[in-house]
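This is what each chain is made of:
There are 4 protein chains.
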Amino acid sequence: MSRVIRVTLWNEFRHERKADHPASKVYPEGMHSAIAAHLQKQPDMKVRTATLDEPEHGLTDAVLAETDVLTWWGHMAHNEVSDEIVDKVHKKVLDGMGLIVLHSGHFSKIFRRLMGTTCDLKWREAGEKERLWVIDPSHPITEGLPEYFELPQAEMYGERFDIPQPDELLFISWFQGGEVFRSGCCWHRGRGRVFYFRPGHESYPIYKDANVLKVIENAVRWAAPLNTPAPVFGNYQPLEKL
Amino acid sequence: MSRVIRVTLWNEFRHERKADHPASKVYPEGMHSAIAAHLQKQPDMKVRTATLDEPEHGLTDAVLAETDVLTWWGHMAHNEVSDEIVDKVHKKVLDGMGLIVLHSGHFSKIFRRLMGTTCDLKWREAGEKERLWVIDPSHPITEGLPEYFELPQAEMYGERFDIPQPDELLFISWFQGGEVFRSGCCWHRGRGRVFYFRPGHESYPIYKDANVLKVIENAVRWAAPLNTPAPVFGNYQPLEKL
Amino acid sequence: MSRVIRVTLWNEFRHERKADHPASKVYPEGMHSAIAAHLQKQPDMKVRTATLDEPEHGLTDAVLAETDVLTWWGHMAHNEVSDEIVDKVHKKVLDGMGLIVLHSGHFSKIFRRLMGTTCDLKWREAGEKERLWVIDPSHPITEGLPEYFELPQAEMYGERFDIPQPDELLFISWFQGGEVFRSGCCWHRGRGRVFYFRPGHESYPIYKDANVLKVIENAVRWAAPLNTPAPVFGNYQPLEKL
Amino acid sequence: MSRVIRVTLWNEFRHERKADHPASKVYPEGMHSAIAAHLQKQPDMKVRTATLDEPEHGLTDAVLAETDVLTWWGHMAHNEVSDEIVDKVHKKVLDGMGLIVLHSGHFSKIFRRLMGTTCDLKWREAGEKERLWVIDPSHPITEGLPEYFELPQAEMYGERFDIPQPDELLFISWFQGGEVFRSGCCWHRGRGRVFYFRPGHESYPIYKDANVLKVIENAVRWAAPLNTPAPVFGNYQPLEKL
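Protein chains in written order, with my numbering: chain A, 680 to 921; chain B, 680 to 921; chain C, 680 to 921; chain D, 680 to 921.
Chain A with its partners taken away, still in its complex shape (with noise of 0.2 Å):
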């Protein structure tokens, strides 16, 4: 329990940059650097970035081999992202290492591969208001948090989510345009853990606010890979007398 689980934050990291976005004044280090701020306070993580515009997208062989939990935040370019590179997610995935998806990675090729549906939803730009209501307050996930927290300002995400029913559902959002939204999913794929957490508009400072943070932290501790046992596959000799 005692060991050190080794984080890696993926943004896309494309929107900070640009000069005219507001996000470039919302997280001018870009979004991982908020969220990394936050988990290299914890004495059992360790905690690496990893960005689009790397090579191989900064997830070469050495650092997935090297990462316990992922986390995945794309927009604008999911389609950039080489295939190859999402094979070996995959892989890395069912293989027992965590993900994490944040907001707009709902499109992502890696979220879509692993849930096989088109993940789409509505949504609106209106900076409206978001409470998120915890759900299931018997999971780990919802450790150190309140009834419920909101987020002034927010993009809105509406259902229907086209997503599989969530092995576990711990978050429901209420907003104030009408909508309601499942944000705080679980699923069990292969030996991994997948944690989808909906929070995150690159335009507001969501990646500051004191519960979101704790919750990643949370997701991170619930998907690291444990000692579990691999699975035997393919042409298999009888255990019993035939």
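Rather than coming from a laboratory, the hints here were simulated on the basis of the structure.
Just so it is clear, CB atoms sit at the ideal spot from N, CA and C, and this is done for glycine as well.
Among the clues, some could well be false.
[What the hints assert, rightly or not] Dumping the calculated BS3-like pairs for lysine-lysine here, alpha-carbon to alpha-carbon at most 27 Å:
| no. | chain 1 | residue 1 | chain 2 | residue 2 |
| --- | --- | --- | --- | --- |
| 1 | A | 767 | B | 770 |
| 2 | D | 725 | D | 887 |
| 3 | C | 770 | D | 767 |
| 4 | C | 704 | C | 887 |
| 5 | A | 920 | D | 808 |
| 6 | B | 767 | A | 767 |
| 7 | A | 770 | B | 767 |
| 8 | C | 920 | D | 808 |
| 9 | B | 808 | A | 920 |
| 10 | D | 920 | A | 808 |
| 11 | C | 808 | A | 808 |
| 12 | B | 920 | D | 893 |
| 13 | D | 920 | C | 808 |
| 14 | D | 893 | D | 808 |
| 15 | B | 808 | A | 808 |
| 16 | C | 767 | D | 808 |
[Said to hold, decoys possible] On the chain B side, residues computed to face chain C include the following (Cβ under 8 Å):
| no. | residue |
| --- | --- |
| 17 | 818 |
| 18 | 906 |
| 19 | 908 |
| 20 | 910 |
| 21 | 911 |
| 22 | 920 |
[To be verified] Some chain C residues flagged as far from chain B (calculated, every beta-carbon gap over 10 Å):
| no. | residue |
| --- | --- |
| 23 | 693 |
| 24 | 734 |
| 25 | 761 |
| 26 | 770 |
| 27 | 806 |
Using the hints, position chains B, C and D against chain A.
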């Protein structure tokens, strides 16, 4: 409730056409024909078949447009199924078409696409006994079945079966050689419903077994599309004043 | 499929008989009568009603023996329902009878018995707007519905709703006052199926709303018992040689 | 994460005290003592035991107040457990205390209360072989286990096991006599987590098996309470202006 369900039985149909393969003796007209013989007797079903070596694998736009439920049997030629057809079938399932994946179809492109995992498993061809236990006697797919049924000679499929946790688990198989398997699994994907059913090796008369045929018949009714709401996706105006 | 479903609509029927209670104006003949008026029009349903103050609460052995699906509305007199009747209903549900629990029935003995939890929640009577979003458009209970529907005046029920995670989550409600609620939930229990449906306050004409009535109608069909295998319990001889 | 988990091992402790019962030879100090011997070695656990014939069954308010996780083994004397104690344990579980129900505890009052079903099953005492397969290798309770493990002599429990569909299904047992069983099942109830684990007949040294003990050890960690939000119930003021 009195409407007719249009079923398309898709079969790779390669084993059965090889004169030196046991399947050619057991199913001279193909496994799809054996299943069709049963379903055609159902007053609420209208049955057609389609096979790999037909143009567009028999799954033209016209055929898909007239298909309520598709069954899928493939084995040696999964990779010969064109990605374009898989894309179309995937889209149809998410839009409400039922899909029933049989036996070695666990490795088909369409099933792996929908599941997001490897769908790998253990296997053994030793003609051993399989006993399928009903785990959920509240489910319509178990209608008319006994509490368990046996197949005297079956290929073994063993856990770990690398699938997402089923939304509903209906059957667990016991194998003579010492393994177990989740043999009947339901998932909701988009507006569609997907059922995986394990029995079905090409060299044993599995698709002439009354219980196996009853399960497929029940699954067709369960998976038939309904007049459920079509989700609206994309940019969305607020329903409440902001 | 063409058989008739025998529905018994159970109602506490106290509020409506108090001359000074708004329910006496909205439902002079009781909420059960409003629901009955809709279900009686369905060619596949045969409807009867039963109320708390009848002998054995109207749920005699004879009535239960002829009931395929039971709906339950109770509020102020949950504790007046005899444990003996609850035992009988519980047994019937596990043996296949469908159960549809409405609104304040969340606190009924039978629902709490089946759930194993407190079934507690937040509530507020302020006549505010409720909007129910369809979360699972692959489910038969959503047939014929729009993507969302509204109730202009409703009692608020808010999360945390202390229930076991539903096997299928169909509706999430948005409330004007800022809360959300899992308003349509399915569970399998024994050979029976249970549906909880939130709308239904006694002082608003909720059971005259076309969408609400459609949901109840669909739920009756979904919950109707099937000819599924009756499990064998107890001491059991081996099926294989030991 | 470094805190100590306070475990209370509850045992009926009747079989073992009968000189003519095989259990008195296998577990002269009781099954609870065998489990305690393993858990006491864990640096993150503090273990105590409690038995039926102690005052208040050893589960006084003081003991319960200091219990993070409770394990439960009962068989012949389920009905001697007082309803008052069951009420207290039930309340504690919903408030976050972990509960691990072992073997014949499937028929205990507390397990049936939490499940809402009969929890009935098939059984046979023939000392046959059981093989437990890991079904979900992404779950912390499977940590450190092989892909399957065997018990050379076990009582058989067979499906249909009348429980609600588990939130997570971890083990399926294969029995020599031809049956299967869902042997490791997880549920969330209230703020608490419940694990049912099948192995454990009183006449075989099941609780001296390294894999069985490892599962119980893992389950204790999984079920330990967390600092999750305590839900607020009852009448509630609006968070938004109505």
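We went through each hint and held it up to the structure:
no.: 1; hint: 767(A) x 770(B); in the structure: holds, 25 Å
no.: 2; hint: 725(D) x 887(D); in the structure: holds, 19 Å
no.: 3; hint: 770(C) x 767(D); in the structure: holds, 25 Å
no.: 4; hint: 704(C) x 887(C); in the structure: holds, 13 Å
no.: 5; hint: 920(A) x 808(D); in the structure: holds, 13 Å
no.: 6; hint: 767(B) x 767(A); in the structure: holds, 26 Å
no.: 7; hint: 770(A) x 767(B); in the structure: holds, 25 Å
no.: 8; hint: 920(C) x 808(D); in the structure: holds, 12 Å
no.: 9; hint: 808(B) x 920(A); in the structure: holds, 12 Å
no.: 10; hint: 920(D) x 808(A); in the structure: holds, 13 Å
no.: 11; hint: 808(C) x 808(A); in the structure: holds, 18 Å
no.: 12; hint: 920(B) x 893(D); in the structure: violated, 56 Å
no.: 13; hint: 920(D) x 808(C); in the structure: holds, 12 Å
no.: 14; hint: 893(D) x 808(D); in the structure: holds, 20 Å
no.: 15; hint: 808(B) x 808(A); in the structure: violated, 60 Å
no.: 16; hint: 767(C) x 808(D); in the structure: violated, 39 Å
no.: 17; hint: 818; in the structure: holds, 7 Å
no.: 18; hint: 906; in the structure: holds, 5 Å
no.: 19; hint: 908; in the structure: holds, 5 Å
no.: 20; hint: 910; in the structure: holds, 6 Å
no.: 21; hint: 911; in the structure: holds, 6 Å
no.: 22; hint: 920; in the structure: violated, 11 Å
no.: 23; hint: 693; in the structure: holds, 33 Å
no.: 24; hint: 734; in the structure: holds, 31 Å
no.: 25; hint: 761; in the structure: holds, 27 Å
no.: 26; hint: 770; in the structure: holds, 15 Å
no.: 27; hint: 806; in the structure: holds, 16 Å
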